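Visitor: Chain residues, written in single-letter form:
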Amino acid sequence: MTAPLAWQGYILDKNLADNQLRAALAGNDPAAVELIWNRYASDLLAFLRAVLCSGHDAEDVLQAVFVRIVRKRYRLAGARRLDAYVYRIARNEASRLLGRRKRDQAAKAMDESWLTVPENRHEGSDWVEELQAALARLPQPQREVIVMKIYRQKTFLEISGLLGLSQNTVASRYRYGMEKLRTLLRDLAL
Amino acid sequence: MKDNQSENERLANLLRTAHLSEPSPMLKERITTEARKTWNQSSLELSWSIPLRHLAASAAAAVVIIWLANYSSDRALGRWRAASIQAAIEQSADIDALPELPYGPFAKRLVSVNRRSLAIDGSSLSDHVAAVRQVLDEARQNGAPAPAGRSRLIPDRAGANSYS
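Chains as they are written, first to last, in this note's numbering: chain A, 1 to 190; chain B, 1 to 164.
Looking at chain B on its own, in the form it has when it is part of the complex (with noise of 0.2 angstroms):
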């Protein structure tokens, strides 16, 4: 190991007998010339091409933020659609079972209702139809027409009336 470095060193003394020359004054001049003639060129090339590729990037970042947003704002709107038709469906319309409100009694059936309407009760739906078909039927079975400009399925105002 000793004698491999001894013989290292020995080598190392032979190599730096000889010497690598430093660059002429002439090579520098050479080199130097055609360094600032680039430099030149390009600094003309620079003074529009630097503004044009800011712009460039600009807009790329700004295409980019907006595909972000949209995206994003997509994504988070369409969890929240799912997730209130979900809770529409899921709606009780038991007044109890609502959560706190901070108003009085009438502001809590007021809400109730207005909940029960966003609901689609199938139930509600289908008597009506039945009932509407049934009445239809039954103007058909008295062949009685319609009076004009007025619907038979539409109460009158005294039959309105007599509802109550």
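Okay, chain A solo, but in the shape it has when bound (with noise of 0.2 angstroms):
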């Protein structure tokens, strides 16, 4: 009964955040910045992250998405999903990056740390960079839907909400990634 009541309350937030956030759109108001800051930003940086397997890519790549947001403040407040919307600039601009980066045959950023080991555990980071190299090398979109998904608490209803896909797209990708990264980390723990 509980799991029901925490949704619509999850559903409740999430409107009157959407409203508050249309409005200072609509109105010019540059506190509108602040609001989407605060409601997108952990989100489409480990989004980001998850894409472009790089922490700097990531944030140069966020400040561009906030660039172009701010620029299409109107398209944005008359939007039907705002998430799916900066979710799609998001997308849009890593997309960019990752055709820059092929067309410059750069070296990849793949081997920088974009996830952290955390405080408490003191075995050393190698670990955590088999991890990250496995992530690196499943699909993009298995991969979007696994960091969404484990690094991010997002239900397969809210992730194909937000990549525009259906769930059982999303469940598929994530189950197709999972079985992939297990051959990838069967000597690690499993």
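None of these hints come from the bench; they were simulated from the model. Note that this is a predicted model, so its numbers are computed, not measured. Check each hint, because a few of them may be wrong.
[As the list claims (entries may be wrong)] Quick list of in silico lysine to aspartate or glutamate cross-link-like pairs, EDC-like style, CA-CA up to 16 angstroms: (1) 37/B to 34/A; (2) 180/A to 130/A; (3) 28/B to 34/A; (4) 72/A to 45/B; (5) 72/A to 29/A; (6) 28/B to 130/A; (7) 72/A to 83/A; (8) 28/B to 60/A; (9) 102/A to 57/A; (10) 14/A to 60/A; (11) 37/B to 29/A; (12) 180/A to 7/B; (13) 28/B to 43/A; (14) 72/A to 34/B; (15) 14/A to 129/A; (16) 180/A to 9/B; (17) 14/A to 43/A.
Taking the hints as your guide, dock the two standalone chains into a single complex.
Guide: What follows is the structure, encoded as structure tokens:
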């Protein structure tokens, strides 16, 4: 009984925050920047890290995303789903960077650390690097879903709404991704 | 199936032992400052570009509406003209065949005469032309010049009276 209530509460909070943000955007109020940051920055940064496999690139792209959101604020205010619109901007900006990377043939930043070791663990960061390397070897769509599900605690329903996919697609991407990770990490701990 | 699920759970737990760090305050400062700067710049741009866009959109809408109005009126008028010509050709001079009119017999007669005059009657026209040609032939045979200032085709007052 508590789960539906919690879900309803989440939806109500989300709608309230959406309306507040829409009003600020439509009213050309710069305070909207802060609202967008509080609502989306953490999730977007995680998403971008998953897409780009790089902490620095994710931060740069996050900045580009915010600039793009500000430029398109009137469109964002009228969007049917604010979060989906924001994620589409993030995805487009990330794709642009990936395209540039491909064109420039620059050294890939995949060996850069974007997962962090919790402070209470002292075994060293080798296993984190292995996790990172395994995640980096997954296809991007599967990696996106796994990161959003595991590191941002999103449900399949939420992820499907954010990425504009069906729930089944999201679930199968998660399942296939996990299977692949299992084979990649067989020697690590499983 | 169950094995897969439990293995997935174990893997998920393993993945959760690492974590993704939250955006740092420095990053927040950098990005929000940049976003605010863009906001202010674009506000200045938008202050004149939005009314201009509205004006352009209104003008485009007006052009489309006028074009549509012209187009639809042309179509409607074209159909109406075709129908009226057809009606004039097929117009019967028979007064009894006229549709019911809310007027007396005199008005009905007037309407029928008007309708008859609108209709192009080929046979009466050719009769008229034949009559004119006959009068001209007679005049040529007689060799009598027409009185100055008057046409022989038009009967004079006395002649007009003699018709009755």
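Visitor: All the hints need checking, so say for each whether the structure fits it.
Guide: Right, here's what the structure says about each hint:
no., hint, verdict
1, 37/B to 34/A, "holds (13 angstroms)"
2, 180/A to 130/A, "holds (14 angstroms)"
3, 28/B to 34/A, "holds (9 angstroms)"
4, 72/A to 45/B, "holds (13 angstroms)"
5, 72/A to 29/A, "holds (14 angstroms)"
6, 28/B to 130/A, "violated (29 angstroms)"
7, 72/A to 83/A, "holds (14 angstroms)"
8, 28/B to 60/A, "holds (12 angstroms)"
9, 102/A to 57/A, "holds (14 angstroms)"
10, 14/A to 60/A, "violated (27 angstroms)"
11, 37/B to 29/A, "holds (13 angstroms)"
12, 180/A to 7/B, "holds (12 angstroms)"
13, 28/B to 43/A, "holds (14 angstroms)"
14, 72/A to 34/B, "holds (15 angstroms)"
15, 14/A to 129/A, "violated (35 angstroms)"
16, 180/A to 9/B, "holds (14 angstroms)"
17, 14/A to 43/A, "holds (14 angstroms)"
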